[in-house]
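J.: Just so we're aligned, residue 1 is where the sequence shown starts under full-length UniProt numbering, counting upward by one.
Simulated from the structure, these hints should not be mistaken for lab results.
Hints may contain errors.
[To be verified] Derived DEER-like restraints, expressed as beta-carbon distance ranges:
hint, residue 1, residue 2, range
1, 66, 44, 10 to 20 Å
2, 45, 10, 26 to 36 Å
3, 69, 15, 17 to 27 Å
4, 45, 9, 27 to 37 Å
5, 33, 59, 15 to 25 Å
6, 54, 21, 17 to 27 Å
The beta-carbon is built from N, C-alpha and C at its ideal position, and this holds for glycine as well.
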Amino acid sequence: MMKQFVDDNGKWLFSGNRDDLQLSRMVAKACESFAEDDEDEQIDDITRSCFNCAYRRWSVDSFHCLAPNCRTDQ
1 MMKQFVDDNG KWLFSGNRDD LQLSRMVAKA CESFAEDDED EQIDDITRSC FNCAYRRWSV
61 DSFHCLAPNC RTDQ
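Take these sequences, add in the hints, and give me the full structure.
T.: Structure (structure tokens):
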């Protein structure tokens, strides 16, 4: 199984891209640290998505996960 996050200079970078809604939802569903971001910061219609998480920080092509228990084997 492909890792959903890769090490990017000590930060976990989502291996999908900004359009990978399905993967983002799958990872968020299994995440114990998911925290819903403010509604005006959400971009996915499905709430439980990494794209809607308060621990998500956008990068040029993807995002970094800053969750305290980010699981890189998802």
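J.: Could you run down the list of hints and mark each one as holding or not?
T.: Results for each hint:
no.: 1; hint: 66 with 44: 10 to 20 Å; verdict: holds (18 Å)
no.: 2; hint: 45 with 10: 26 to 36 Å; verdict: holds (32 Å)
no.: 3; hint: 69 with 15: 17 to 27 Å; verdict: holds (18 Å)
no.: 4; hint: 45 with 9: 27 to 37 Å; verdict: holds (32 Å)
no.: 5; hint: 33 with 59: 15 to 25 Å; verdict: holds (19 Å)
no.: 6; hint: 54 with 21: 17 to 27 Å; verdict: holds (18 Å)
Checked against the numbered hints above, the structure breaks none of them.
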